[in-house]
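J.: This is what each chain is made of:
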Amino acid sequence: MHMTRRPDADVASLLPLTPVVFEILLALGGGEQHGYAIMQDVAERTGGRIELHAGSLYRALSRLLEGGFIEELDERPAAAHDDQRRRYYRLTLLGTAVARAEAERLEAQLAVARERRLFRRHT
Amino acid sequence: MTRASLVLFRALLAAYPRRFRRRFAEAMEQSFREGYAHAATAGTAAALVFVVRACIDTGVNAVALRAVRLRDRVLWPDPIGLHQQKRTSDMWWQILVSDARYAFRMFRRNPVFAALAVVALGLGIGANTAIFTLVDSVLLRPLPYAHPDRLVMIWSSNEREHRDRDVVSPLDFMDFKRASAFSSVEAAYSFVIGGTWISKTGAEPITFTAVTSQLFETLGRAPILGRTFTPDDLQTGVLISYDFWQKRLGGDSAVLGVMPKDFIFPYRAMLGPSGFSSSLSVDMWFPLAFVDDNAFTRATATAPLSRQVRMLSVIARLADGHTREQASAELQGIARQIRGTHADTNGNIGVSIVPAHEQAVGSVRPALLLLVGGVGLVLLMSCINVANMLLARSTSRQRELAIRSALGAGRNRLIVQTLVESVLLGGLGGLMALAFLRLSVHGIVALAPPELPRLGEISPDMSVLLFAAALSVITGVATGLVPAFASSRGDVNSGLKQAGRSATSGRGQQRVRSALVILEAALAVVLTVSAGLLVRSFVSILSTDPGFQVEHLLTLQLTIPPKYNGTEQRRTMYADLEARLRAIPGVTDVGGTTRLPLGSTNVSTKINIEGRSVPPSQWPEAEFRRSVFDYFSTMGIPLRRGRLFTKQDGPNAPPVCVINETMARQMFAGIDPVGRRIKFGSADGPWVTIVGVIGDIRHSALDAPPQPEVYINYLVNPPSNPFIVLKTNADPASIVPAVRAQLQAVDKDIASNDIRPMTGVLSNSVAERRFILLLAVSFGVLSLLMAAVGVYGVMALVVSERAPEMAIRLALGASPSRVLQQVLQYGLVLAGAGAALGVAVSAVVAPSMRSLLFGVRPVDPFTFIAVPSLVVAVAVAACAGPAWRSMRVDPVRALRME
Chain A
1 MHMTRRPDAD VASLLPLTPV VFEILLALGG GEQHGYAIMQ DVAERTGGRI
51 ELHAGSLYRA LSRLLEGGFI EELDERPAAA HDDQRRRYYR LTLLGTAVAR
101 AEAERLEAQL AVARERRLFR RHT
Chain B
1 MTRASLVLFR ALLAAYPRRF RRRFAEAMEQ SFREGYAHAA TAGTAAALVF
51 VVRACIDTGV NAVALRAVRL RDRVLWPDPI GLHQQKRTSD MWWQILVSDA
101 RYAFRMFRRN PVFAALAVVA LGLGIGANTA IFTLVDSVLL RPLPYAHPDR
151 LVMIWSSNER EHRDRDVVSP LDFMDFKRAS AFSSVEAAYS FVIGGTWISK
201 TGAEPITFTA VTSQLFETLG RAPILGRTFT PDDLQTGVLI SYDFWQKRLG
251 GDSAVLGVMP KDFIFPYRAM LGPSGFSSSL SVDMWFPLAF VDDNAFTRAT
301 ATAPLSRQVR MLSVIARLAD GHTREQASAE LQGIARQIRG THADTNGNIG
351 VSIVPAHEQA VGSVRPALLL LVGGVGLVLL MSCINVANML LARSTSRQRE
401 LAIRSALGAG RNRLIVQTLV ESVLLGGLGG LMALAFLRLS VHGIVALAPP
451 ELPRLGEISP DMSVLLFAAA LSVITGVATG LVPAFASSRG DVNSGLKQAG
501 RSATSGRGQQ RVRSALVILE AALAVVLTVS AGLLVRSFVS ILSTDPGFQV
551 EHLLTLQLTI PPKYNGTEQR RTMYADLEAR LRAIPGVTDV GGTTRLPLGS
601 TNVSTKINIE GRSVPPSQWP EAEFRRSVFD YFSTMGIPLR RGRLFTKQDG
651 PNAPPVCVIN ETMARQMFAG IDPVGRRIKF GSADGPWVTI VGVIGDIRHS
701 ALDAPPQPEV YINYLVNPPS NPFIVLKTNA DPASIVPAVR AQLQAVDKDI
751 ASNDIRPMTG VLSNSVAERR FILLLAVSFG VLSLLMAAVG VYGVMALVVS
801 ERAPEMAIRL ALGASPSRVL QQVLQYGLVL AGAGAALGVA VSAVVAPSMR
851 SLLFGVRPVD PFTFIAVPSL VVAVAVAACA GPAWRSMRVD PVRALRME
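Going line by line, the protein sequences match chains A and B.
Mapping to my numbering: the first sequence position 49 is 49, numbers consecutive.
Mapping to my numbering: the second sequence position 887 is 887, numbers consecutive.
Worth flagging that the hints you see were computed from the coordinates, not collected in a lab.
Here the structure is a predicted model, which means the values were calculated and not measured.
C-beta: ideal position from N, C-alpha, C; glycine also.
Hints should not be assumed to be uniformly reliable.
[Said to hold, decoys possible] Output of the computed footprint for chain A on chain B, the stretches with three or more beta carbons under 8 angstroms from beta carbons of chain A:
(1) 28-42
(2) 58-66
(3) 792-799
Construct the entire structure; sequences and hints are all you get.
T.: Structure representation (structure tokens):
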């Protein structure tokens, strides 16, 4: 059921990502995380605009797992202080590639916006 | 963390698909806890907001996940989905069709099994559909009036005598009309009057009653010809019922206005043959005229404006925007006012309000619900039996299932296959049930007592069809569930291995089948105990002494034509009548009364006892009747004190009366009533001397305790609607022609009806009980049969599966009787366990039947011991066949088959 796809699969065909998925990938971009930490990270970075709850988060995680974008850690970090019920996730190569591709796609859009003066930014 | 929010969250988690739940539920719950803890630091409100959001989110995603799976897997498998699933190309209906085809192939291969299953389920579904038709027509369907839910009956209540549905006095009725919570308040006589209809073929008895002019408008029924009453119709117009118009007048529309005296128009039988007040289903309705109390002359269709005489049934329609509670409160206020201003007559009279539907069917509801419960259990038992058959067959199909499973059929697929098969069986059973529905409903209607409310309305309609369809599917699924899961659980490996040998079912399956048999025995006990309690009640009712001799009595009711309007004329006629009846060969005694026990209504009067200073509102009540000819000796009612009436107790003699024992006990406790004087009703009548006390009789029903009764002699004022009873020394039916001939000889205009032996009257009075009993007993017998079949099936299978084992034991020298004993023991254990369970359930259920029981406690020791013993005996008897076979296993053959 959980197929891990090669990173050289046609990543472009998976774009654009939904904001929620992209945020989750971004959260995991900083290293492995458990579910609640992902929620907090996303909530903090987006200033509460994207507030994930258990249902949405785990449905998204389940899809990302199925798509081979992320994987679950077998071993747990700092086992001594950890809650057994937590599950930790990290990006796969494919996940990293997809996140990067999405970031590049956004950057390209951003560049166009900048060029057309739709985007004010102190450079 | 509040417990409630966690429970809620967990409940929502349960909605997720199982695989998802297994994988993520713990982690989800953990993140919920952490999120809650975090939110709680910001205060209770924030925590609450968090819980609400988290729960909504969790619920929505569960639905979304399910929906996607449904779409992907069943409804519309995505042909270009990333993950190829096993049946990408199969649409769900293709799967069903192929499963159905497969099931039909199986039926063809094993037609006996299929036929048995269809018949078993068909019987269950059919019985349920027929009973549902009855319940639907009587209890569920609204009454045939406009907005029937807005119709109510208004009754007077008498708190001191614990009667909450007393008929209403005309003046109270006038006061109730003031209530603003009703758009209209109408009334009818609370009784039916017998009359005579002179047709070309002779005098025929008819029934009529009187109603206020707007009654039919209030009910919302329009005439099919002519019009309804206007105030001008008083004493001049009459409405006739549709049935009367069709049957007696041939449906001729020329009857309008040309009928003998003041006949206006035919009116549709607006109440049907079973309206919500039996006094409204009559041949004719007269407009009710209210007359001055003092001018009350007993003219037909009048009511005296008095508070003493209670004679009206009051029907009202709630005004728009008013609830029944408001209406009731307003009426209570009016009743309080009347109590205040008329303490003498209304001192303890209140008012009660009853929805019309409740009034019509309330009395039969417990009995019908009992039938629904019983017939439902019967269906459950047919499901169990068919489930057991399916299980047994799945054992022999284990090899096939194992092969299918090995070839890649998933567990779900096998479950669906079994369910499709059982639903098909249920559907075929349903078709069979519908084919016989008309017949079974006819049967029920034919068996039903004529007094059953709304009897004439019993017929299947759309809702019955829907019910049957739904029930067939539910039955099919219920039948298939256990076999589907049980048979799909077996693992392929052992299935293939086992199937190589002669098929034996796994331990798990055997346990399931045994459990089903235990359940079946328990259900049989519950059903049979209920039936047993009803039988015991019925027996104790029939053995109740009615207080009079039932055998060798012929009864009939006469209607004396109005031409005998003087009491002297009637006395002469009565004398002639008595002489002629006495002269009939075979007649040994002649009597009569105004109210026949077990066969007529009641009329009661207030009793004013001489020498007691009690205000009229506190006067006790007694049922009032006249004795005609030698009534007491004809009926065999014993004299306890004093004397009976004689021919000298006529209009010119001092007024006398005879009372019954109950009245003597209740009103003259400790003193001899003979010689004391009483007055009836109003204060200004003559004093009447009590000359005798007679034994009690059961008047309204065998199971109703005797009420105080007072009799006066007919000679004072001979009644115009007497019941006549004839004591015979032969079969009462044999003298009917002679009786008719003598009546003709007295006067051809005297109409007689209801000629029947007293035994018929008595049997009719228990007809409703007998009907319920008959159905309950047939459910009980059916359940015993089903239990026997179930036990037989399981034991037969056990024996055939264990034949090799038994063969070995027999070969090794075990005695056949020991083998037999073991098989019987197994059956006994199953039946015993079921019986014990059934007894426990019955003990809980039986008290709810209390209103249907008479002379027997709900937990009746006799029934609770006899019935389970019977069930165990039947079960053991069902084991006998298989047990016998087990003893005769041929070791050589059985072992060779291995």
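J.: Does each hint hold? Answer for all of them.
T.: Verification of the supplied hints:
1. Here's how the region 28-42 of chain B fares: 8 of its residues keep a CB closer than 8 angstroms to some CB of chain A, so the rule of at least three is met and the hint holds.
2. Judged by the Cβ-Cβ criterion of 8 angstroms, the region 58-66 of chain B is covered by chain A as claimed, because 7 of its residues qualify and three suffice.
3. Counting residues of the region 792-799 of chain B whose C-beta sits closer than 8 angstroms to any C-beta of chain A gives 0, which falls short of three, so the coverage hint is violated.
Checked against the numbered hints given earlier, this structure breaks only hint 3.
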